[in-house]
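K.L.:
One-letter residues, chain by chain:
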Amino acid sequence: MRKLALAALLLFMPAAVLAEEAKDMAKNPVIEKRMIALTSKLRCLVCQNESLAASQAGLAKDLREEVREQMIAGKTDKQITDYLVARYGDFVLYDPPVRSYTLFLWGGPFLFMLGGAGILAYQLRKRRKAVRAPELDAEAQRRAAALLEGKEK
Amino acid sequence: MIPELGHFSLIIALALAITQGVLPIWGATQGNRVLMGLARPVAVGQFLFVGLAFASLAYSFVTSDFSVQYVAENSNSHLPVYYRFAALWGGHEGSILLWTMLLATWTLAVAQFSKHLPQDMVARVLGVMGLISVGFLTFMLLVSDPFQRLLPAPADGRDLNPLLQDPGMVIHPPMLYMGYVGFSVAFSFALSALIGGQLDATWARWSRPWTTVAWVFLTLGIALGSGWAYYEMGWGGWWFWDPVENASFMPWLAGTALIHSLAVTEKRGAFKSWTVLLAIGAFSLSLLGTFLVRSGVLTSVHAFVTDPRRGLFILVFLLVVIGLSLVLYAWRAPKVGLGGSFDLVSRESFLLSNNVLLSAAAATVLLGTLYPLIYQAWTHGARKLSVGPPYFDAVFIPLMVPMIILLGMGPIARWKQISVGEIMRRVRWPAAISIALGVLAPFAMGKWTPMIALGLTLAFWIMTTVVVDLRRRMVRDGKVKGQSRSYYGMQLAHFGVAVFILGVTLVKGYETERDVRMNPEDTVAVAGYTFRFDGVRQVRGPNYTAQQGRLVVLKGDKTVAQLYPEKRDFDSSPMPMTEAAINSGLFRDLYVSLGDPIGDGTGAWAVRVYYKPFVDWIWGGCVLMALGGILALSDRRYRIHIRKKQAGMESPAGNAVPAGDSPALVHRSKAA
Amino acid sequence: MMRYIVPLVVFLALVGLLYTQMESGIDTHLVPSPFIGKPAPAFALPQLLEPSKKFTPADMKGKVWLFNLWASWCESCRDEYPLLLDIAQNQHVTIVGLDYKDKAADAKAWLAQAGDPYALNVTDVEGRIAIDYGITGVPETFVIDKHGVIRYKEVGVLTPDNLKNKILPLVAKLEQET
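Protein chains in written order, with this note's numbering: chain W, 1 to 153; chain H, 1 to 672; chain E, 1 to 178.
What you were told as hints is all true, and nothing was included just to trick you.
BS3-like mimics (lysine-lysine), calculated; alpha carbons at most 30 Å apart, straight line:
{"#": "1", "chain 1": "E", "residue 1": "Lys153", "chain 2": "E", "residue 2": "Lys53"}
{"#": "2", "chain 1": "W", "residue 1": "Lys61", "chain 2": "H", "residue 2": "Lys384"}
{"#": "3", "chain 1": "W", "residue 1": "Lys75", "chain 2": "W", "residue 2": "Lys23"}
{"#": "4", "chain 1": "H", "residue 1": "Lys555", "chain 2": "H", "residue 2": "Lys508"}
{"#": "5", "chain 1": "E", "residue 1": "Lys103", "chain 2": "W", "residue 2": "Lys61"}
{"#": "6", "chain 1": "H", "residue 1": "Lys384", "chain 2": "E", "residue 2": "Lys146"}
{"#": "7", "chain 1": "E", "residue 1": "Lys173", "chain 2": "H", "residue 2": "Lys384"}
{"#": "8", "chain 1": "W", "residue 1": "Lys78", "chain 2": "E", "residue 2": "Lys101"}
{"#": "9", "chain 1": "W", "residue 1": "Lys27", "chain 2": "E", "residue 2": "Lys103"}
{"#": "10", "chain 1": "H", "residue 1": "Lys384", "chain 2": "E", "residue 2": "Lys164"}
{"#": "11", "chain 1": "E", "residue 1": "Lys63", "chain 2": "E", "residue 2": "Lys173"}
{"#": "12", "chain 1": "E", "residue 1": "Lys146", "chain 2": "E", "residue 2": "Lys166"}
Calculated from the structure, these hints are not laboratory results.
Start from the sequences, fold in the hints, and give me the full structure.
P.N.:
Spelled out as structure tokens, the structure:
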């Protein structure tokens with residue numbers, strides 16, 4: 001049976017030429033690209049930790065369709081996210097907006113980094129004094145001077 | 001019978017763990033050699049009984065004994081035998097048993113490879129590990145018993161979550177847990193040093209190899225998990241910043257900081273209190289991560305509704321282990337000495353600055369993971385927010401850029417002191433080359449974005465600084481001079497970071513995809529390759545039915561690959577699973593996944609085709625980092641002890657030769 | 001010396017947070033609706049039983065009513081059905097149903113077979129109105145006051161507990177308002 005099918009296929013080889021370049025699933029690839037970029041920053045509400053772009057849930061499909069239609073209707077990304085936030089709250093945003101209640105969230109990393117750097121600099125200076133103080137002889141002073149020079153270069 | 005044997009073994013193991021946790025530590029305070037000497041044999045005993053329990057559960061799984069509730073919930077008689085075995089850690093109870101098993105394994109390893117250490121140190125270290133084990137065993141026996149019977153037994157089990165039925169999932173959890181649990185060794189060394197008041201360079205030296213081993217496992221474990229997500233999720237994502245991943249990433253960041261901080265402490269005896277805190281922190285984050293994820297506090301409180309005692313136990317356990325160690329820290333750390341001197345500009349300072357950034361990164365991940373909880377608690381559940389990939393991507397770049405810059409400069413800087421001018425002289429060529437290449441290369445590749453240029457520059461920066469430093473050290477007066485393996489290991493790991501960054505940058509910058517509708521014989525062209533769809537046929541797997549597509553990939557007239565993406569319907573689950581088909585290459589992956597049938601009667605399917613340049617470099621970089629760790633571990637100075645032990649000349653009390661003063665090291669630091 | 005206590009303090013705060021989170025019993029799966037206190041979104045949809053007639057929320061002005069999202073294909077909706085029937089029989093609050101992504105024939109068959117607690121049903125074939133109401137799953141139930149403002153939302157299956165302790169007292173209270 002299989003051989004027969006193969007033979008048939010070979011026989012109708014010219015038919016294979018009719019095979020076409022596959023069409024995009026999306027009617028409008030430009031909109032589709034924009035839609036995916038936007039929905040991958042949004043959370044699927046019914047699944048655990050999946051983006052709206054990646055989820056196969058029914059609601060996610062509906063929402064993607066909604067986003068597509070609004071994009072076709074000429075809405076901006078901002079208008080569309082506002083539309084969704086009005087319905088589902090900030091929870092839908094993977095990228096929480098900067099507000100008073102997210103200041104620590106957005107500021108925290110920089111606070112950690114700068115605070116850590118500050119503490120380290122302070123500690124290093126302090127311990128250098130504590131460790132060095134007794135042995136700050138002429139040689140060390142010369143080296144310190146050289147170091148400062150090096151810095152100024 | 002076997003499950004009861006397993007249960008009973010856990011009880012005996014608990015009794016042994018209590019003995020191991022109490023008597024040797026008590027003996028160490030009293031100077032009682034008999035009590036201290038108990039630590040090793042009891043640790044071996046505990047290992048045997050936990051092992052017996054583990055083997056019992058494995059037996060129940062392999063023989064499909066569905067009268068055991070946990071087996072019935074996580075296995076199925078149609079499951080292939082290797083998945084039946086791996087299903088042991090597919091759920092909550094079993095993964096806690098795996099944890100305990102690995103903890104007992106690490107304890108056994110410490111008992112075996114610590115012959116050269118002073119007895120009171122060994123007693124304390126094994127004692128602390130015993131106490132951790134007490135917590136886990138009690139947890140299992142009280143609220144997470146994997147041996148709970150289910151009578152009458154169901155005819156068949158509910159099956160392992162299809163997502164987990166994958167070779168990657170067989171080895172990923174044990175690797176990851178080896179890493180998590182491995183940090184318990186550094187933790188126990190830190191606590192025992194705090195208890196005994198012997199917080200010195202020798203402590204750092206002993207902790208270092210153990211920490212590196214744990215870090216190697218964790219690195220590989222995370223890479224495996226990410227690789228699994230890459231081909232199992234069906235659209236080629238490899239990192240999602242989801243709480244489960246964050247839980248593994250936090251201890252990795254803290255552990256990476258710890259490895260570097262231990263170097264400073266071992267070398268200079270400096271920043272000991274900080275290093276101890278990191279050792280406590282790395283393991284605490286492992287514990288927090290495992291528990292938060294496993295118990296579901298982060299994703300759902302529902303897990304507790306079934307058994308609220310479980311959540312409470314976890315919290316009390318965390319409070320006791322982490323809380324007590326931090327109390328001990330607050331009490332003992334202030335009395336720690338300052339250690340040797342080094343200048344503001346020195347390798348030490350670079351290592352510590354990187355420490356600051358790594359710790360800030362770990363704190364950031366913790367903040368982002370917990371912020372939704374904090375916010376929800378703040379508003380009494382009235383409002384919620386999500387923190388996801390866009391947030392982490394945004395805040396991680398400013399943290400990573402200075403870190404990579406420092407990473408390039410650290411190995412080039414001299415220990416103790418170097419002038420800024422000297423550093424600048426040493427890095428000017430790497431800096432110039434990497435910026436030039438990073439900025440220009442994207443033009444050659446046809447697309448220039450600031451992110452691609454930045455990523456490439458950083459990767460080239462690491463590579464060039466590694467090469468420059470290797471050359472500077474090894475080629476002297478026209479002769480090649482060998483370096484220590486720990487030096488090669490470090491450079492290899494750093495090079496791995498560069499490879500990783502290259503992979504991330506190039507795949508993010510240049511991947512292309514098509515989401516197309518394909519009739520049989522249709523073709524689609526992506527990145528110079530032609531994919532021809534040959535239709536879909538039905539295939540029967542051991543416990544699923546798959547729709548298997550066939551795509552032939554052509555480049556010109558040449559067939560490059562045949563890909564068989566599948567859509568699997570498991571007998572036990574209504575959710576279809578996509579199984580992507582990937583043709584991997586050194587410079588690109590061709591990735592194909594099946595969507596849904598179009599359903600218009602022509603046999604057409606939705607097919608996603610991706611071209612992912614350099615994506616395997618992401619995991620290749622991780623493997624290089626891990627290999628770097630292994631290479632460093634094989635260094636002479638870690639083997640000295642073993643050789644001494646074999647020759648029967650145990651080093652007296654171990655701390656007689658402070659690490660920083662060993663001739664080889666002094667020589668190297670001068671040479672540097 | 002204080003700085004050595006900082007890690008402990010941070011950790012205790014973390015434990016405190018986790019403890020309150022656990023004790024609060026808040027289901028982290030639930031997405032709190034931003035609609036509480038806001039007017040119910042307007043729509044005009046054909047009624048299930050009389051498709052020629054349309055219904056809009058404005059029709060309910062001056063009445064307290066329950067707006068219940070359901071579907072004949074929805075298994076868990078059946079769990080709350082007895083409660084709905086009980087409300088229809090013993091309480092004088094009106095229930096309007098939103099038949100979500102359903103086939104009209106299936107829905108009618110279900111109502112004929114299981115009893116009809118609804119004053120009327122509207123059909124949302126494409127699920128667009130559900131999106132307007134920020135719905136994440138079936139079933140969900142809104143309590144809407146005399147001014148057409150949403151005052152409460154139950155996500156998932158109604159429980160006798162929540163009905164008795166939250167919804168009915170709220171309805172009684174809203175009835176008193178002018």
